[in-house]
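Peer 1: Here the sequence shown is numbered in my numbering, starting from 3 and rising by one per residue.
To be clear, the hints were calculated from the coordinates, so they are not data collected in a lab. There's no promise every hint is true.
Claimed, not checked - Cut-off 25 Å, straight-line C-alpha distance, at most; resulting in silico cross-link-like pairs (DSS-like, lysine-lysine): (1) K58 to K108; (2) K58 to K84; (3) K198 to K108; (4) K174 to K198; (5) K127 to K84; (6) K62 to K84; (7) K127 to K58.
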Amino acid sequence: MGEALRKQDRIYTYADYRTWHENERWELIDGVAWNMSPAPSRFHQWIALEIGSRLKTFLKGRDCEAYIAPFDVFIPAEPDQKEDEIDTVVQPDLSVICDPEKLIDKGCMGPPDFIVEILSPYTSKKDMNEKFRLYERSGVREYWVVDPNARAILAFRRGTNNRYDDEEILDKKGILSSRVLDGFTVDLEDLFSSFK
């Protein structure tokens, strides 16, 4: 299993990030730059589009909006932090934002309410460790991790003490229900069996 390349020789900020070549995709987590290349697999992209389409349909007429990567999510350390000084900018596979005040032309300023990440050999360690901790501490209310190889979804929800203390794992079948997006469900068997 490959591991994402990191630039960790110094602390990077959005000021650095926006100067990097547009054909490269990077994320910043606490000033460490993570390379997101190579491109995800066809199955990864199919799952992102499938869940994204279901979210888009479900959210029609509601206050929340869904976005698919690449879509920058800025996590400032302080509420009034200047954009160029922010050292955490990530691109979740899917983001749902229910507070329109967080939406800016460049993406989302602050944590989304609901995030879906789809594991790939290149990014799975980061998604399960660095991003898990980031999403938990920054206030993402629900975080789903889709494992295409295992055909499983892990759902983490904020509970007591603002921690992800309520974990649900569904493997190959079963219906997963969001607690943040009341009424949004995914039937795992239906989801994974639709892929050709």
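Peer 1: Work down the list of hints and note, for each, if the structure agrees.
Peer 2: Hint-by-hint comparison with the structure:
Distance hint between K58 and K108 is fulfilled; the C-alpha atoms sit about 20 Å from each other, no more than 25 Å. Between K58 and K84, the direct Cα distance comes to roughly 31 Å. Violation of the 25 Å bound is thereby established for this hinted pair. Between the alpha carbons of K198 and K108 the distance comes to roughly 34 Å, so the proposed pair goes past 25 Å and is violated. At roughly 16 Å between alpha-carbon atoms, K174 and K198 fall within 25 Å of each other, so this suggested pair holds.
Our distance criterion of 25 Å between C-alpha atoms is broken by K127 and K84, whose separation comes to about 30 Å. About 33 Å separates the Cα atoms of K62 and K84, which puts this hinted pair outside 25 Å; it is violated. For the proposed pair K127 and K58, the alpha carbon gap of about 28 Å is over 25 Å, so the pair is violated.
In terms of the numbered hints stated before, the structure departs from hints 2, 3, 5, 6, 7, listed from lowest to highest.
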